[in-house]
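Visitor: If you're matching them up, the sequences are chains V and D in order. The C-terminal position of the first sequence is numbered 309 in this note's numbering, with every residue numbered one higher than the one before it. The C-terminal position of the second sequence is numbered 463 in this note's numbering, with every residue numbered one higher than the one before it.
FYI, nobody ran anything at the bench for these hints, they're computed from the structure. These numbers were taken from a predicted model, which means no experiment stands behind them. Among the hints, a few may not be true.
The list that follows gives simulated cross-link-like pairs (lysine to any residue, SDA-like), each with its CA atoms no further than 25 Å apart [said to hold, decoys possible]:
#1 D:Lys417 x V:Glu33
#2 D:Lys434 x V:Ala92
#3 V:Lys194 x D:Val419
#4 V:Lys149 x V:Glu33
#5 V:Lys151 x V:Asn27
Far from chain V, some chain D residues (derived; all Cβ distances over 12 Å) [what the hints assert, rightly or not]:
#6 Gly342
#7 Val380
#8 Tyr398
#9 Ile424
#10 Gln461
Stretches of chain D that chain V covers, calculated by requiring three or more beta carbons in the stretch to come under 8 Å of a beta carbon on chain V [as the list claims (entries may be wrong)]:
#11 414-423
#12 429-436
#13 448-455
Note that beta-carbon positions come from the ideal geometry of N, C-alpha and C, so glycine has one too.
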Amino acid sequence: MLNLEFKGRDIVSIEDFSREEINYILNISRSMEPLASKGSDMLKGKILATLFFEPSTRTRLSFETAMLKLGGAVIGFAEAEVASVRKGENLADTIRTVENYADVIALRHPLDGAAKLAAEFSKVPILNAGSGSEEHPTQALMDLYTMQKEKGKIDGLKIALVGDLRYGRTVHSLAYALSLYDIKLYLISPESLKMRKEVIHAVENKISVVEGTDLEEVIPQIDVLYVTRIQKERFPDAAEYAKVKGTYKIDLKLLKNAKKDLIILHPLPRLDEIAAEVDATPQARYFQQVWNGIVVRMALLALVLGAVK
Amino acid sequence: MVEKELRVSKIKDGTVIDHISGGYALDVVKILGITGREKRVMTIAINVPSKRFKVKDIVKIEGRALNTEEVNKIALVAPHATINIIRDYCVVEKLEVKLPKVIEGILKCVNPACISNSNEPAVSKFYVQSEEPLLLKCHYCGYLLERADVLQNL
Numbered sequence: 001m002l003n004l005e006f007k008g009r010d011i012v013s014i015e016d017f018s019r020e021e022i023n024y025i026l027n028i029s030r031s032m033e034p035l036a037s038k039g040s041d042m043l044k045g046k047i048l049a050t051l052f053f054e055p056s057t058r059t060r061l062s063f064e065t066a067m068l069k070l071g072g073a074v075i076g077f078a079e080a081e082v083a084s085v086r087k088g089e090n091l092a093d094t095i096r097t098v099e100n101y102a103d104v105i106a107l108r109h110p111l112d113g114a115a116k117l118a119a120e121f122s123k124v125p126i127l128n129a130g131s132g133s134e135e136h137p138t139q140a141l142m143d144l145y146t147m148q149k150e151k152g153k154i155d156g157l158k159i160a161l162v163g164d165l166r167y168g169r170t171v172h173s174l175a176y177a178l179s180l181y182d183i184k185l186y187l188i189s190p191e192s193l194k195m196r197k198e199v200i201h202a203v204e205n206k207i208s209v210v211e212g213t214d215l216e217e218v219i220p221q222i223d224v225l226y227v228t229r230i231q232k233e234r235f236p237d238a239a240e241y242a243k244v245k246g247t248y249k250i251d252l253k254l255l256k257n258a259k260k261d262l263i264i265l266h267p268l269p270r271l272d273e274i275a276a277e278v279d280a281t282p283q284a285r286y287f288q289q290v291w292n293g294i295v296v297r298m299a300l301l302a303l304v305l306g307a308v309k
Numbered sequence: 310m311v312e313k314e315l316r317v318s319k320i321k322d323g324t325v326i327d328h329i330s331g332g333y334a335l336d337v338v339k340i341l342g343i344t345g346r347e348k349r350v351m352t353i354a355i356n357v358p359s360k361r362f363k364v365k366d367i368v369k370i371e372g373r374a375l376n377t378e379e380v381n382k383i384a385l386v387a388p389h390a391t392i393n394i395i396r397d398y399c400v401v402e403k404l405e406v407k408l409p410k411v412i413e414g415i416l417k418c419v420n421p422a423c424i425s426n427s428n429e430p431a432v433s434k435f436y437v438q439s440e441e442p443l444l445l446k447c448h449y450c451g452y453l454l455e456r457a458d459v460l461q462n463l
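Given the sequences, and given the hints that come with them, work out the whole structure.
Guide: As structure tokens, this is what we get:
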């Protein structure tokens, strides 16, 4: 019997979790599906603070929805121009203040390592809702949950991560998580947006990794196509962005050579990297992913607050 | 002979850091925080012929015996260095440099977006992933630093 203790635990980096722990989170997520439909009072009396120092629609609403569906309450802010930051307060002080108001904190911050620092100062669990271009562990967990739900398993899959692999935090966390499974990973990006070396270093000894630039070449082989937006806001200069903008375009023509049961995922928001014509195909699963995000975050909130064991 | 004596002249009390890889003596001096304005006699020999390595650097510091922490710092830039503590012209102690598993407060993360480079009360911290070639991992952002990065941000 595994001893899986989550109460009081921070969810900072996907690297902190074993395969058993991730599978356990995915199992609890599955048990949250009915509660996500009909609601629950499992976390009644508990407060989630969403501290978003960077704009976000999906992740913040997803965390807040998850908390509300479990009967908890939500406080927080959604942009960096909040009073405390304007006055020059640092993150450590903000955390040491907010921990008095809330039972759990979901944090998004523009700097790498912000969630780790917050966790070192906080008495209450920190859920990393995206730290700089470094990690986004709850997104990785919902991606895994989606793969498992759609394909029935994760082991044995051939998975391509496509687009901005350098600045895209979701793909960093996802690559770490996938390295715990028996999969083949294709990393497809423009040369200037190749996967960060620390991620490659951490995963290449565990799973088979193929790096490349040509998506058409790998499309017939893969089971999961994970597409990311090339993020303008993370580029140091506009000329560099212009060079790689629109490198990959997922459309019906490309999908002609794909497996029938391929699934296409995207952390959203998308721009033009997936053509609207793809939305109606059975392969498009990116909007189902959004629902899965709620149940995974419900599971995480219930686990770190000790409401489920 | 005269030239050789000039290069390796003995010191009375202090530290001799020998077998520094050729060309890295100034980095060793820098990592020890020595500016040259300490009013202490110092000899720095760069690219002198060596039997063990083709060339090596030597740093001699009069009147200062290095402590273990300082010795370990040297391992970041000169992993093969040997350290002799000298008293009254004799070697009283020989120390091997040894890289600690965790390096705190000495280096800055090279990732400009790392939280440890902001106005937070965070002390930089790195985990040694590999000694040869040197690979350090930032505790906060996970960035990997190589020897070239370490030398750049001393």
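Visitor: Now, for every hint given, state plainly whether the structure supports it.
Guide: Evaluated hints:
{"no.": "1", "hint": "D:Lys417 x V:Glu33", "result": "45 Å, violated"}
{"no.": "2", "hint": "D:Lys434 x V:Ala92", "result": "17 Å, holds"}
{"no.": "3", "hint": "V:Lys194 x D:Val419", "result": "18 Å, holds"}
{"no.": "4", "hint": "V:Lys149 x V:Glu33", "result": "12 Å, holds"}
{"no.": "5", "hint": "V:Lys151 x V:Asn27", "result": "15 Å, holds"}
{"no.": "6", "hint": "Gly342", "result": "26 Å, holds"}
{"no.": "7", "hint": "Val380", "result": "28 Å, holds"}
{"no.": "8", "hint": "Tyr398", "result": "48 Å, holds"}
{"no.": "9", "hint": "Ile424", "result": "4 Å, violated"}
{"no.": "10", "hint": "Gln461", "result": "17 Å, holds"}
{"no.": "11", "hint": "414-423", "result": "holds (count 3)"}
{"no.": "12", "hint": "429-436", "result": "holds (count 3)"}
{"no.": "13", "hint": "448-455", "result": "holds (count 6)"}
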